[in-house]
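Residue numbers (this note's numbering): 336 to 637.
Hints may be right or wrong, so weigh each one.
As the list claims (entries may be wrong) - Here are the in silico distance ranges between beta carbons for each label pair:
1) VAL469 with ASN364: 35 to 41 Å
2) PRO477 with PRO621: 39 to 45 Å
3) ILE521 with PRO401: 17 to 23 Å
By construction, these hints were calculated from the structure, which means they are not laboratory data. These numbers come from a predicted model, not from an experiment. All residues carry an ideal CB built from backbone N, CA and C; glycine is no exception.
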Amino acid sequence: MAQFAVAICLMVIIWNVADGPEALRILLNADAVWLVAACAALTVQTVLSALRWRLTAAQLGIVLDPAFAIREYYMAQIVNQSLPGGMIGDAGRAVRARGQAGLLASGQAVVFERLAGQIAMFAVMGSAFLFTLVAPGGFEWPQWLAIPVGLMIAAALALPILVLIVTRLPGLIGRKARSFCQTVGIALCGRHVLPRQVLLSIGTTVCNLSAFAFCAMAVGAGLSLVAIIALVPLILFTMLIPISMSGWGLREGAAAALFPLAGASASHGLATSVAFGLIFLISVLPGLVPIVMRPNAQEEKI
336 MAQFAVAICL MVIIWNVADG PEALRILLNA DAVWLVAACA ALTVQTVLSA
386 LRWRLTAAQL GIVLDPAFAI REYYMAQIVN QSLPGGMIGD AGRAVRARGQ
436 AGLLASGQAV VFERLAGQIA MFAVMGSAFL FTLVAPGGFE WPQWLAIPVG
486 LMIAAALALP ILVLIVTRLP GLIGRKARSF CQTVGIALCG RHVLPRQVLL
536 SIGTTVCNLS AFAFCAMAVG AGLSLVAIIA LVPLILFTML IPISMSGWGL
586 REGAAAALFP LAGASASHGL ATSVAFGLIF LISVLPGLVP IVMRPNAQEE
636 KI
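Generate coordinates for the entire structure from the input sequences, incorporating the hints supplied.
Dropping the structure here:
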């Protein structure tokens with residue numbers, strides 16, 4: 336309930352700061368064609384994510400049928416969007432896929448799959464940030480945003496070095512770190528698996544960014560390519576902060592704050608983010624089908 340309350344409070348604040356009535360007017364006049372395109376992009380994203388999970392799990396000794404992986408991923412998405420925390424659905428698919436190799440391997444497959452997607456999104460944002468800093472006439476980063484983004488990128492680049500240092504420590508910590516890195520290497524970085532991991536993760540990133548850009552187009556706030564790859568990841572990353580329901584409020588606040596940097600209004604940012612959140616919910620509705628049918632299947636077995 337606390338996360339739900341946080342989301343409501345944030346939305347009320349943003350409604351007042353970003354001219355909520357104007358955002359609502361913009362949203363009600365959104366172009367349905369672009370919204371359908373956004374829904375299609377998010378649908379493809381879910382399917383690609385499920386295939387990435389299947390690929391990751393296979394490296395850890397878990398063979399998943401493609402239909403099973405897609406069905407489970409849809410179920411996880413609908414649960415993540417409906418309950419606080421944003422990870423309960425992922426925990427559920429780890430539990431249901433534990434039969435072949437145990438809960439540890441199943442959980443690792445889920446965590447590493449999600450990690451691969453976030454790495455790809457972060458790599459796109461980081462590359463855009465560094466490019467726009469040095470490109471003549473590129474995107475102008477205000478100091479209040481450039482400093483924290485730069486520090487975040489520096490920390491991400493330093494993280495592998497820190498992990499490498501930890502793996503060289505003696506004792507239990509070093510052994511655990513080496514085991515973890517070895518497992519990550521098997522799941523994501525093997526010679527035969529890495530190219531497919533990269534392609535699937537780039538695909539999910541493109542779908543997510545495209546869906547948000549399509550929502551912006553729907554409300555009349557077309558974003559430049561630079562804005563899409565530099566600012567939209569920052570907006571979407573707020574959904575990972577587990578203090579509200581599925582990022583509601585945080586995402587809208589970020590969009591309202593960052594859209595003016597791309598030449599659009601805060602109201603357009605709010606309308607775009609709300610449209611994206613609603614379309615995301617619509618795109619994962621197929622996840623309700625196995626949830627509704629599962630009790631019936633259990634009754635039939637009994």
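Hints, one by one, checked against the model:
1. VAL469 with ASN364: 35 to 41 Å: The hint (35 to 41 Å, Cβ to Cβ) holds, given that VAL469 and ASN364 are roughly 39 Å apart.
2. PRO477 with PRO621: 39 to 45 Å: holds (41 Å)
3. ILE521 with PRO401: 17 to 23 Å: holds (21 Å)
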